[in-house]
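J.: Protein sequence lines correspond, in order, to chains U and G. Residues 56 to 557 (my numbering) are what the first sequence spells out, left to right. Residues 56 to 557 (my numbering) are what the second sequence spells out, left to right.
FYI, nobody ran anything at the bench for these hints, they're computed from the structure. No false leads were slipped in.
Which residues of chain G face chain U? A few of them, derived with a C-beta cut under 10 Å, are:
hint : residue
1    : Ala69
2    : Ala97
3    : Ile158
4    : Glu188
5    : Ala191
6    : Ala194
7    : Gln200
Residues of chain G placed beyond 10 Å of chain U at every Cβ, according to the derived structure:
hint : residue
8    : Glu420
9    : Glu439
10   : Ala442
11   : Glu513
12   : Arg517
Remember, predicted model here, so these are calculated numbers, not experimental data. Glycine is no exception: its CB is placed at the ideal position from the N, C-alpha and C atoms.
Single-letter residue listing:
There are 2 protein chains.
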Amino acid sequence: MSVPAGESLRLIRAGVDTYQEPVVYLRADSAVCRSEGFEAQARVIVETGGRSLVCTLNVVTDGGWLGSGVAALSEAAWRRLRPRTDDLATFRHAEAAESASRIRAKVYGQSLTHIEYEAIMRDAIAGRLSDIELAAFLAACVAQQLEDPEVTALTQAMVHVGTTLTWHSSVVLDKHCVGGLPGNRTTPIVVAIVAACGQLIPKTSSRAITSPAGTADAMATLAPVELDLAAMRRVVEREGGCIVWGGSVGLSPADDVLIRVERPLDFDSNAQLIASVLSKKIAAGSTHVLLDMPVGPTAKIRSFEAARTLGKSMSAVGTALGIKVGLHLSDGTQPVGGAIGPALEARSVLAVLGRETHAPRDLRERALDLAGAVLELDGARPGEGRARAVQVLDSGLAEQKFEAICEAQGGMRTPPVARHRAPVVAAASGTVRTIDNRVLGRIAKLAGAPADPAAGLELHVRLGDRVERGMPLMTVHAETSGELAYALSYQRHHTSAIDVEP
Amino acid sequence: MSVPAGESLRLIRAGVDTYQEPVVYLRADSAVCRSEGFEAQARVIVETGGRSLVCTLNVVTDGGWLGSGVAALSEAAWRRLRPRTDDLATFRHAEAAESASRIRAKVYGQSLTHIEYEAIMRDAIAGRLSDIELAAFLAACVAQQLEDPEVTALTQAMVHVGTTLTWHSSVVLDKHCVGGLPGNRTTPIVVAIVAACGQLIPKTSSRAITSPAGTADAMATLAPVELDLAAMRRVVEREGGCIVWGGSVGLSPADDVLIRVERPLDFDSNAQLIASVLSKKIAAGSTHVLLDMPVGPTAKIRSFEAARTLGKSMSAVGTALGIKVGLHLSDGTQPVGGAIGPALEARSVLAVLGRETHAPRDLRERALDLAGAVLELDGARPGEGRARAVQVLDSGLAEQKFEAICEAQGGMRTPPVARHRAPVVAAASGTVRTIDNRVLGRIAKLAGAPADPAAGLELHVRLGDRVERGMPLMTVHAETSGELAYALSYQRHHTSAIDVEP
Numbered sequence: 056m057s058v059p060a061g062e063s064l065r066l067i068r069a070g071v072d073t074y075q076e077p078v079v080y081l082r083a084d085s086a087v088c089r090s091e092g093f094e095a096q097a098r099v100i101v102e103t104g105g106r107s108l109v110c111t112l113n114v115v116t117d118g119g120w121l122g123s124g125v126a127a128l129s130e131a132a133w134r135r136l137r138p139r140t141d142d143l144a145t146f147r148h149a150e151a152a153e154s155a156s157r158i159r160a161k162v163y164g165q166s167l168t169h170i171e172y173e174a175i176m177r178d179a180i181a182g183r184l185s186d187i188e189l190a191a192f193l194a195a196c197v198a199q200q201l202e203d204p205e206v207t208a209l210t211q212a213m214v215h216v217g218t219t220l221t222w223h224s225s226v227v228l229d230k231h232c233v234g235g236l237p238g239n240r241t242t243p244i245v246v247a248i249v250a251a252c253g254q255l256i257p258k259t260s261s262r263a264i265t266s267p268a269g270t271a272d273a274m275a276t277l278a279p280v281e282l283d284l285a286a287m288r289r290v291v292e293r294e295g296g297c298i299v300w301g302g303s304v305g306l307s308p309a310d311d312v313l314i315r316v317e318r319p320l321d322f323d324s325n326a327q328l329i330a331s332v333l334s335k336k337i338a339a340g341s342t343h344v345l346l347d348m349p350v351g352p353t354a355k356i357r358s359f360e361a362a363r364t365l366g367k368s369m370s371a372v373g374t375a376l377g378i379k380v381g382l383h384l385s386d387g388t389q390p391v392g393g394a395i396g397p398a399l400e401a402r403s404v405l406a407v408l409g410r411e412t413h414a415p416r417d418l419r420e421r422a423l424d425l426a427g428a429v430l431e432l433d434g435a436r437p438g439e440g441r442a443r444a445v446q447v448l449d450s451g452l453a454e455q456k457f458e459a460i461c462e463a464q465g466g467m468r469t470p471p472v473a474r475h476r477a478p479v480v481a482a483a484s485g486t487v488r489t490i491d492n493r494v495l496g497r498i499a500k501l502a503g504a505p506a507d508p509a510a511g512l513e514l515h516v517r518l519g520d521r522v523e524r525g526m527p528l529m530t531v532h533a534e535t536s537g538e539l540a541y542a543l544s545y546q547r548h549h550t551s552a553i554d555v556e557p
Numbered sequence: 056m057s058v059p060a061g062e063s064l065r066l067i068r069a070g071v072d073t074y075q076e077p078v079v080y081l082r083a084d085s086a087v088c089r090s091e092g093f094e095a096q097a098r099v100i101v102e103t104g105g106r107s108l109v110c111t112l113n114v115v116t117d118g119g120w121l122g123s124g125v126a127a128l129s130e131a132a133w134r135r136l137r138p139r140t141d142d143l144a145t146f147r148h149a150e151a152a153e154s155a156s157r158i159r160a161k162v163y164g165q166s167l168t169h170i171e172y173e174a175i176m177r178d179a180i181a182g183r184l185s186d187i188e189l190a191a192f193l194a195a196c197v198a199q200q201l202e203d204p205e206v207t208a209l210t211q212a213m214v215h216v217g218t219t220l221t222w223h224s225s226v227v228l229d230k231h232c233v234g235g236l237p238g239n240r241t242t243p244i245v246v247a248i249v250a251a252c253g254q255l256i257p258k259t260s261s262r263a264i265t266s267p268a269g270t271a272d273a274m275a276t277l278a279p280v281e282l283d284l285a286a287m288r289r290v291v292e293r294e295g296g297c298i299v300w301g302g303s304v305g306l307s308p309a310d311d312v313l314i315r316v317e318r319p320l321d322f323d324s325n326a327q328l329i330a331s332v333l334s335k336k337i338a339a340g341s342t343h344v345l346l347d348m349p350v351g352p353t354a355k356i357r358s359f360e361a362a363r364t365l366g367k368s369m370s371a372v373g374t375a376l377g378i379k380v381g382l383h384l385s386d387g388t389q390p391v392g393g394a395i396g397p398a399l400e401a402r403s404v405l406a407v408l409g410r411e412t413h414a415p416r417d418l419r420e421r422a423l424d425l426a427g428a429v430l431e432l433d434g435a436r437p438g439e440g441r442a443r444a445v446q447v448l449d450s451g452l453a454e455q456k457f458e459a460i461c462e463a464q465g466g467m468r469t470p471p472v473a474r475h476r477a478p479v480v481a482a483a484s485g486t487v488r489t490i491d492n493r494v495l496g497r498i499a500k501l502a503g504a505p506a507d508p509a510a511g512l513e514l515h516v517r518l519g520d521r522v523e524r525g526m527p528l529m530t531v532h533a534e535t536s537g538e539l540a541y542a543l544s545y546q547r548h549h550t551s552a553i554d555v556e557p
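Next comes chain U alone, as it looks inside the complex (with noise of 0.2 Å):
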């Protein structure tokens, strides 16, 4: 059912990001405001030029900055619209979207076919699911705990409305993380490892949302990674891996809006988790996926226990899919290697695979333990992985192969340094206790990480070292020096950020 058309505005940019929400600011006596109610995330198809995209509806009621005749669109929605200047468009109200009576199924409680949850993922990333019906979608699918052979049916849809890549080989390995420690950057040496032993690794990464860095700003600072589909596929054919960012991809382009309205929930639960890191891995042709929980009182996965129930669904709807899944238990209980924020993160994977005196030992320890089970997961005997990432670590032959990932898309950067930073000392002698690593993150960014990528600090202890007053316990980096003093001000109110008892 929809309105008479008959009204044509000019459209123009409003200046506003909403993030990736497509709004629509239309005068509140344009047609389409007079003739429908205006509700909670009222939704207007908007169409320009052939093109056309549902926007959430703003009414501009006064302010003088939307003339007669014009409707304004948000960063998101001109993105996608991409209009020529001056382009008329036509409004009309969006009927609910044919698979909102799925969703409404699914809260009542049934189960749904991969059918209907392709319905459901076409629907999202056209943009024709509002946020809360999203949101009550994701808290239905928590609520009645997905059994294995749903999460199967989600993972699969998710899957078939995106791009599948696939490869000239018969095993494509990967690996993800549950639940990321600070300055954790095992990724591009396990990737340059893997694809130096032979192998073929195609991964994707994600840049920071909340943290100070992801692997994908990290190694940003040393090579280009906003590569296109055609061009990861060209890196990987002639040097066997890469670590691009997975949103210029857009492999599961389902999960990016799931996962944007999940994020704020904070919802725990494992056939998101399951259906979110399976349908990137096989979208990107992976065969085999080593799965690394780091378990601690402060991880994400907080016992063995919960680390096998999560192991266990993962491998079976693997399983189900056809894709292999390998379990691998990790250390939580403290960041790992000394740095956070992308320039100084990159800086630690460059020592590390240039074997530097100075390079943080867990942080190679790490990252060897997991590219040995990653080379393991295609039957090798236990051990004979690792050995072989020693021996591909040691040789310098990682390293070269890292040079020429980083060469293939698109030529290796130095990581920028920062313009100022500072000591934070101990106040008092004595044993670092506990190092808050929700602190950490909060000074980084204060300092500047992501968004200035040399911005960020170095941390020089570990848990139980033993620390003399005056001595220094982290750098802070910073481009400018207001940025310095806020992270420093926070700091010096926060000092839990590392804990040194007498």
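Given the coordinates of chain U, work out where chain G should sit on it, guided by the hints.
T.: Chain G alone, transformed into the frame defined by chain U:
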């Protein structure tokens, strides 16, 4: 955990209506935007003049309409913060609301106590929960099919976080209709009859959201309805009854927030319906409530079985909270009364109260049934209530009481008459087989209802009527010729509004 404050910006009005969502527009180079990531539904606390409000952040990247040193507020944010011109404000990121963990507990399947529900409701009305958090909460409640004791806890929490009225009478009556039929404007008549019988009936009603008229819209053409609590109390103490807009008295603010999110989700949940209805009635101080349930294939309640299930739970929760719920089943197979639109419906009400010969019989009979049932809630014998209702209506006492209530609410008015009208005639002879309430509602809205109170339509036929080619089926009323043309054009493309079969 908060970031260092330190940035004060001048507040201006953005002139953007985002419905009830408070939005703050900050420049991309502001401290809050720089020190924090930007996420879907990022929440910022705006503080000015001792008041603070959680707003959704929209980032102004361009466009020049927001100067340096300035932040803009959406209409909803402006109304709630009430800054004076050139007031300065500070900004910081809002941490997750404490009750968000209770929402997650609900999603994970835990039962919540009324204390926990109260925490969620308090955060909801304070704006500390985002719409997606509220959507997740609602979905979880529906998914878990709350049992009566938990519905009781939720209802109690909703009452506790708002104001509750008390009256100097042990019996306070009310009525609620589940799922309105178009034109079914019985409430003003029922209130007049019940109050004329000397009973208390403090009625609050809603405005239209998606329909062409709510009871408050129709009543607003006859008297002021935007009374505050003190004024409502004065009217009821003087005349025994009132018909005011619920939005202005704000008796169940938690319900107002939940309904805003729930409506676009279109959940069909007895638990939410019961909590919504009873929280408002208890807050209004009612002791006896009649629940009118129209049953029909296209009504909200489709079977007697469904009506019985709802009625049983409503009664149980009512009893637990000390309020008696009476149940009333009515015919939900077709519209009631012959008018759609605020002023046209008001005229039908006046015709019934004034015993005019052309008054719609179905509206009169239904109002008498309901008023009788309301009067019988307090122990009168079956039939006695209806007999008294007929008596006060036919004697003119109900009409006098209605006029007195209108005067007490601020003065009786004459409903406006639309400047333009046009008949829609039968294209062929035959019998009226179906009437599509949704299409009729859309025609009335395109004609301008409810924004133009005089707009709407009069129906000249009912199901089963025999019509001849060229006979008028309905008359469309509009304030402008453009809107009249809009409505008629829509009608021509949707002749299913009134389906005449040979």
